[in-house]
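From just these sequences and the hints, can you work out the full model?
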Amino acid sequence: MKLTLRVWRQKNADAEGAMATYEVDGISPDMSFLEMLDVLNEQLILSGEDPVAFDHDCREGICGACSLVINGEAHGPERTTTCQLHMRSFKDGDTIDIEPWRAAAFPVVKDLVVDRSAFDRIIQAGGYITAPTGSAPEAHATPVPKADADYAFEHAECIGCGACVAACPNGAAMLFTSAKINHLNVLPQGAPERETRVLNMVAQMDEEGFGGCTLTGECATACPKGIPLTSITNMNKEWLRATRKAAKR
Amino acid sequence: MTSYVDYTVGDPIADTKAPSGPIHERWDKRRFEAKLVNPANRRKRTVIVVGTGLAGGSAGATLAEQGYRVIQFCYQDSPRRAHSIAAQGGINAAKNYRNDGDSIQRLFYDTVKGGDFRARESNVHRLAQISVEIIDQCVAQGVPFAREYGGLLDTRSFGGVQVSRTFYARGQTGQQLLLGAYQALSRQIAAGNVEMHARTEMLDLIVVDGRARGIVARDLVTGKIDTYFADAVVLATGGYGNVFYLSTNAMNSNATAIWRAHRRGAYFANPCFTQIHPTCIPRTGDYQSKLTLMSESLRNDGRIWVPKAKGDNRPPNEIPEDERDYYLERIYPSFGNLVPRDIASRAAKNVCDEGRGVGPGGQGVYLDFADAIKRMGRKAVEAKYGNLFDMYQRITDEDPYEVPMRIYPAVHYTMGGLWVDYDLQTTIPGLFAIGEANFSDHGANRLGASALMQGLADGYFVLPPTLNDYLARNPKLDPVTDEHPVVQEVVAETEARLNKLLSVDGDRTPDSFHRELGELMWEYCGMARNDTGLRKALQRIPEIREEFWKRVKVPGTGEELNQSLEKANRIVDYLELAELMCLDALHRTESCGGHFREESQTPDGEAARKDDEFSYAAAWEFTGTGKAPVLHKEDLVFEYVHPTQRSYA
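As you go down the protein sequences, you meet chains S and V in turn.
For the first sequence, position 235 matches number 235 in the working numbering, and the numbering has no gaps at all.
Take any residue in the second sequence, count from 1 to its spot, add 1000: that is its number in the working numbering.
Any given hint might turn out to be false.
[To be verified] In the DSS-like style, the derived pairs of lysine-lysine whose C-alpha atoms are separated by at most 25 Å in a straight line are: (1) Lys11(S) <-> Lys1567(V); (2) Lys1553(V) <-> Lys1567(V); (3) Lys1500(V) <-> Lys1627(V); (4) Lys1224(V) <-> Lys1500(V); (5) Lys1553(V) <-> Lys1224(V); (6) Lys1379(V) <-> Lys146(S); (7) Lys11(S) <-> Lys1553(V); (8) Lys1374(V) <-> Lys1308(V); (9) Lys1035(V) <-> Lys11(S); (10) Lys1567(V) <-> Lys1224(V); (11) Lys11(S) <-> Lys1374(V); (12) Lys248(S) <-> Lys237(S); (13) Lys1476(V) <-> Lys1035(V); (14) Lys1017(V) <-> Lys1633(V); (15) Lys1610(V) <-> Lys1633(V).
If you're looking for bench data, these hints aren't it; they were derived computationally from the structure.
Since the model is a prediction, treat every value here as computed from it, not as a measurement.
Laid out in structure tokens, this is it:
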């Protein structure tokens, strides 16, 4: 396959960026999208140009590092991570636009690399269960109904890639934040911090400059792990419940 | 100059610091004898932890909870992305919830035997003891393990064992355990107890007065080289499987931290012990950047086969039952498809070498779920393995519910690593290595679902008390600053190395060298090794190294985000480590576990150990790039599990 790539190039956080056009040839449909970019980069290095910087690591869809907007869609046309997108999803002769995540809370570091440390700070605000090493009771002391365990798992699958934010017209981080809250708040182990968790994480999310949620649902459509949109409504319920409880105290 | 293969044998390692006495009392004894640091004094002590995987994440969180000041590093943009996250199948623990005859003693036995009698008994027993606490700890953190309808934890079976002791969270156990450790670490970051440096890569170790006192690291965004000082340094930087270029490791997993520590005096043990995992998706082309694992758990329900006849090109569904060879079930009837990884990998290689392999180039075997789907129904198979099936379909464009998966072995894990004593301390005082970065617990072959167990055992439970002891015994270490001549020298060396890489301006990309090295290693130091091949590799590696320094082209500058520079710098270290791996493989003329020397096999083609010659861990001391290293042997004593020819038949 022969392709035309239009790629966002930006030297660093302070520089102005622009789209640059490149041609790549000999692309196999079995290549992953990132392997196609490897081909481009090998080409650029040999011709003395700066290769395109992009985040990637596991290349098996679980680390959450890769983060490209492809033809206007976070992670491209299939519902998966960029690393698991294959060139068979494209046609010979296609022109493909490749951009970084676009969101106020994710500033561009270089080319296609963005700063997602805001996500880490949201987790630091309460996305954990306080259980210092050595303090744990026997694992079978508290049975957890299978339905609850499955529900927790379904939300714990979030890989923190940020596609939800990139896809949202408001640049909101509601799906990311709610996934962790749903995971931990449904478990008996998470109950003692149930209220503080949702209040603190939502407050941190707002402080990071993410946009507000208007329930357009683009986030859940882009999510490579299928975190459901109901995650957000449940978080809102948790937040209301916690706010009412805090007001009573 | 003496040639690299003319290594000398130095003093044996006399003391591993493992306590004596009955094996089940040793860890308690060690903990009791360990000195303690007064909680008020802990705040004054600083510990550097490099890496945020299961071992590093759990260690950083636990040390910070205890009151130490922790400075932690990861090269990724977030500590949540360390490659432990990609572990699929599960984590072993001797809980015996199934009442199927499991016990600490049995997990200990299985692990020593699975490692083909090349691991230290005391360490393995401790690991088995701690395994039960790990599950408790993770459940308390909210790790959503799979559960039964009664609300209790579910388990499954993994290779090399006959009990069901593997706890799991669908095919994403590593992810869930890592997020548990990451969340515990995040809590400590928020509390101000951990100073976290993401996108920062350790490039060298600072050793002052014989003790590890800090690291040199590069801020990957600004390119700035910084120094960090501490009372002790913990390396939790994972394995070195990426030496092979193609492996199941993450693209950026690398050996730089442990190799630089080795160059500064830490012995490197059993470098040739690499694990080739039997069930990976076969490679499809030259552009391939990495290989993807299909979890071992699939062997619970999938059946492995190839056609009986050579060159049988019919689609799998058209090959009748009696013309298929379920070779693992045939050769190993009692373990069947669940033999250990080294055995399954070698068997796959053998049938492919016979010309019975399937798929492009005949480099594959079938992993067939037709019987499982018939027995359990598609729904049940989907619930158990759904995400793995999806991943397979995405990569290969084939539907594994309809046609059998094609799999082939690939480099997955490295049992070798920095030599550590019972306290997980390397031969450099104050430098500790945990998780895959050390060599400690798996001998010559790791059993499935034991890497997660070891990483978390080291980080949550083993390192904290032993590090405590080190700090208590060294209460007053002189402060180290940037002005110290040793520090200036290490920084200058690091800068010179990077500048040299940038200034060669040759005509080959860093990746082209990495691929070349990887192919060489896979050919001669992969699934089967022999004297001639290893000598060939040992001759070729220095040539590639020389060529690298003449012809590599690294664009850009050092003062910016420069992924080519990062890559090239890691390849510098692979080009040295690969040589040591080949030498280790050459010197060990026996076969054991994942190390198969063609010259040493039983009449039926199984690995033949030579216990009277090689019942030791090989710990290598660095003497200079390309210079013959010194071998120090740690004799392995088996008091509880008597070495026998492993049998899974």
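Comparing the hints with the structure gives:
no. : hint                      : result
1   : Lys11(S) <-> Lys1567(V)   : holds (19 Å)
2   : Lys1553(V) <-> Lys1567(V) : holds (11 Å)
3   : Lys1500(V) <-> Lys1627(V) : holds (21 Å)
4   : Lys1224(V) <-> Lys1500(V) : holds (16 Å)
5   : Lys1553(V) <-> Lys1224(V) : holds (21 Å)
6   : Lys1379(V) <-> Lys146(S)  : holds (17 Å)
7   : Lys11(S) <-> Lys1553(V)   : holds (20 Å)
8   : Lys1374(V) <-> Lys1308(V) : holds (23 Å)
9   : Lys1035(V) <-> Lys11(S)   : violated (52 Å)
10  : Lys1567(V) <-> Lys1224(V) : holds (17 Å)
11  : Lys11(S) <-> Lys1374(V)   : violated (56 Å)
12  : Lys248(S) <-> Lys237(S)   : holds (17 Å)
13  : Lys1476(V) <-> Lys1035(V) : holds (15 Å)
14  : Lys1017(V) <-> Lys1633(V) : holds (15 Å)
15  : Lys1610(V) <-> Lys1633(V) : holds (15 Å)
Violation of the numbered hints given earlier is confined to hints 9 and 11; the remaining hints are satisfied by the structure.
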